[in-house]
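Q: Top to bottom, those sequences are chains S and H.
Following this note's numbering, the numbering of the first sequence begins with 1 at its first residue and continues without gaps.
Following this note's numbering, the numbering of the second sequence begins with 420 at its first residue and continues without gaps.
You may find that some hints are simply not true.
As the list claims (entries may be wrong) - When the alpha-carbon atoms are kept at most 27 Å apart in a straight line, the in silico DSSO-like pairs for lysine-lysine are as follows: (1) H:Lys480 / H:Lys516; (2) H:Lys500 / H:Lys480; (3) H:Lys492 / H:Lys480; (4) H:Lys516 / S:Lys413; (5) H:Lys516 / S:Lys417; (6) S:Lys391 / S:Lys203; (7) S:Lys417 / H:Lys562; (8) H:Lys516 / S:Lys311; (9) H:Lys504 / H:Lys552; (10) H:Lys480 / H:Lys443; (11) S:Lys413 / S:Lys311; (12) H:Lys492 / H:Lys504.
To be clear, the hints were calculated from the coordinates, so they are not data collected in a lab.
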Amino acid sequence: MPPGYPKVYPKGKPRRMSLDAVADFFYFGFRNLRKQLSIAVLDMGAVAVLWLLMNYVIIRFSTGQIGYTLVPWWIFGVGVVEAAALWESFGRSFGHRVERLELRRTDGREPTLKQRVLYWLLWHVSVLPLFPLLLVPSPHERGSGLELRPFTMEGRVPRPWWRTSTGIYVAWLMGAALTAAISVTISWEDLVRLFTRAGTTAKFWRSFFSPDTSIILKTIRELVVTVFMAMTATSFAVLVAVPLSFLAARNLMRGVVGRFIYTVIRVTMSIIRSIEPVVWAIFFLVWVGAKLAPFAGVLALFVHSVSDLTKLYAERLESIDPGLIEAIAATGANRLQILRYAVIPQIVNPYISFTLYRWDINIRMATVVGMVGGGGIGQALFFYLTGNLWKQAGTVMLFIIALVWGIDYLSAKLRAKLA
Amino acid sequence: MAEPYLVVEHLTKVYERGHVVALKDVSFEVQKGEFLVIIGLSGSGKSTLLRCINRLIEPTKGRIFIDGVEITKLSPRQMRKFRRKIGMIFQHFNLIKRATVMTNVLTGRLGYNPTWRTLLGLFPRSDRELALKNLERVGLLEKAYVRADELSGGQQQRVGIARALMQQPELLLADEPVSALDPATSHSVMQYIEQMNREDGVTVLASLHFLSLARRYGTRIIALRDGELVFDGLPEEIDDRKFKEIYGEEAEEVEVR
Ligand SMILES: Nc1ncnc2c1ncn2[C@@H]1O[C@H](COP(=O)(O)OP(=O)(O)O)[C@@H](O)[C@H]1O
Ligand SMILES: [Mg+2]
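Chain S on its own, in the form it takes in the complex (with noise of 0.2 Å):
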């Protein structure tokens, strides 16, 4: 839109016939269109949305089951259409907020009642069959006399978020989405259970206190298997982190192409953190084989460390001081020279205290990642917790919360050093 150009269709007599006058005519045309239609939507999602939740909860607590509506469904469609015609036309509506418009007569004063009831009824002449929208402006507008104008705050005293409808209508949503959360997931049987059935797990407290001592040995041989997929996995990473960080850094990633790679790299990485490494295990299983326990843990710790050591390492390049780097770059000193003595200084020590922190964390994966089928600690106690073996459990996980506890001290201790 070329600057100076008016936001809303020119009042007064329609311009002469021109070129110009039909692309206007289109242009404030669609702007009308998609700004009535925007609130229009808004407003009826808001409905539906608060409608919905409601009738759930209201169902699920009345009668147990999961259902969202307690009338037809055709009587739902209409009345989502006419809350949002009523919201819109009597008051400020959840669309008219987010578009920060509201509806004023047009010499800019509050609306009467009257122009208001005209507007909902004409509402329903313009905005539901969508086409006559085209015409600037839409038949309820004109027909009231009111408009929709950017909002003004001037004179008006401003509430406190509980006493507006948005912040009454986002409590009522959340607090609806909450029950409705906690009735899903938790029943009042599940409650009294959690209470009248703790005397079952006495087995498994006692296992802890009477090791069975002939599996020390085997255990131990686990255990190491699992630092050592932690430290395989790790050291791969790290390999390919240092270097992938490099390009995932804002800062030193400048112009169109630097830009790009650092985004494709930024966004893969984000993508393969959020899947959990033990989802990543069982991908890695069916692709290299069951027999290959422990090399399917080690591949699934090394994709999701990756991704995690990139994102780590190249937020700390992206807070490194530039004023080093110009200082060095000042005495004449080239890019590798510049990266040796400005960067490297800054970064090594953080780098490492980061691979200490994923090694640490690879090492309680490597348990969980044991579990699916991923080799070491993990795949132990998985078969001892099946087959009911709570006595060889109970040692296998005393056994991993002194290997936890020793990495954690040590990998503090280190980094406490570094710092």
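Mind docking chain H with the ligands on chain S? Use the hints.
A: Structure of chain H with the ligands alone, referenced to chain S:
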């Protein structure tokens, strides 16, 4: 008069981000051996001007000649070579914090040594000797193997000076070298810069915050206001009226002793 050492012609810098015009058509000349002080409020373009002179920032328009060479025409590679002759010190010192003072000083020789050797941290014996000599000059010989971030602000700036000395520069750019220091330390640092100017014949361009410091050390002063050159003359030519022109009506002069 001799051929000027530094010539800045119609220098303009526009930052794309925010469309800031940091320098507007700035022109001036500097003779060899001068101690030129640049004054102006913060945001007036002092740092931008200094960084254009060694092309840490690319000028938008205008030409810069140093010693007869049009440096605004040099290729990046040629410019890197040329930078060896231009030392620079900074308001926040910009040292490698985790490295020793010695390593920091040696980085001043990066441009003179082959890349592969410097990547391994190897510097020739002559460079190490020069480093010790320069550290002795700034009174920090006994700190040579201390980590840079263990030094006080004044000491860190002296390391910065030693690093610049390693380049055996003809020109020194100093961007508010003492703004982060207290008044007493400021003078000690300024005296080392003055010594470089007097004894080694290094031409100095320094931006300073305080007019009193500018008067005390500068042989000539230029003033920037909103990117424009508003004064170019001798220190004693800045009277009350000029002062208000540079710093604005409400400004009061403060002394730093
Ligand atoms: N990298 C940058 N991007 C955009 N604007 C900048 C940048 N650096 C400095 N500026 C702007 O340029 C002007 C001059 O800044 P500067 O040269 O740092 O002034 P001084 O050193 O005198 O304080 C200021 O308005 C500042 O905001
Ligand atoms: Mg500055």
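Q: Please verify whether lysine 417 of chain S and lysine 562 of chain H have alpha carbons no more than 27 Å apart.
A: holds, 23 Å
Q: Would you check the hint for lysine 413 of chain S and lysine 311 of chain S, treating anything up to 27 Å between C-alpha atoms as holding?
A: holds, 23 Å
Q: For a C-alpha distance cap of 27 Å, please report whether lysine 500 of chain H and lysine 480 of chain H respect it.
A: Status holds; Cα separation ~22 Å.
Q: Please work out if lysine 516 of chain H and lysine 311 of chain S have their alpha carbons no farther apart than 27 Å.
A: Status holds; Cα separation ~25 Å.
Q: Are lysine 480 of chain H and lysine 516 of chain H close enough, with their CA atoms no more than 27 Å apart?
A: violated, 36 Å
Q: Regarding the pair lysine 492 of chain H and lysine 504 of chain H, is the alpha-carbon distance no greater than 27 Å?
A: Given pair lysine 492 of chain H, lysine 504 of chain H holds - Cα atoms ~17 Å apart, limit 27 Å.
Q: Run the distance test for lysine 391 of chain S versus lysine 203 of chain S: straight-line Cα separation, threshold 27 Å.
A: Roughly 8 Å between the alpha carbons, so the hint for lysine 391 of chain S and lysine 203 of chain S holds.
Q: Below or equal to 27 Å on CA atoms is what counts here, so check lysine 504 of chain H against lysine 552 of chain H.
A: holds, 19 Å
Q: Assess, step by step, whether the Cα of lysine 492 of chain H is no farther than 27 Å from the Cα of lysine 480 of chain H, and give holds or violated.
A: holds, 12 Å
Q: With a cut-off of 27 Å on the C-alpha distance, tell me whether lysine 516 of chain H and lysine 417 of chain S pass.
A: OK: lysine 516 of chain H and lysine 417 of chain S at ~16 Å, within 27 Å.
Q: So if I understand the rule, the pair passes when the alpha-carbon distance is 27 Å or less; does lysine 480 of chain H with lysine 443 of chain H pass?
A: holds, 9 Å
Q: Is the straight-line distance between the alpha-carbon of lysine 516 of chain H and that of lysine 413 of chain S 27 Å or less?
A: Roughly 22 Å separates the two Cα atoms, so the pair holds.
The structure shown violates just one earlier hint, number 1.
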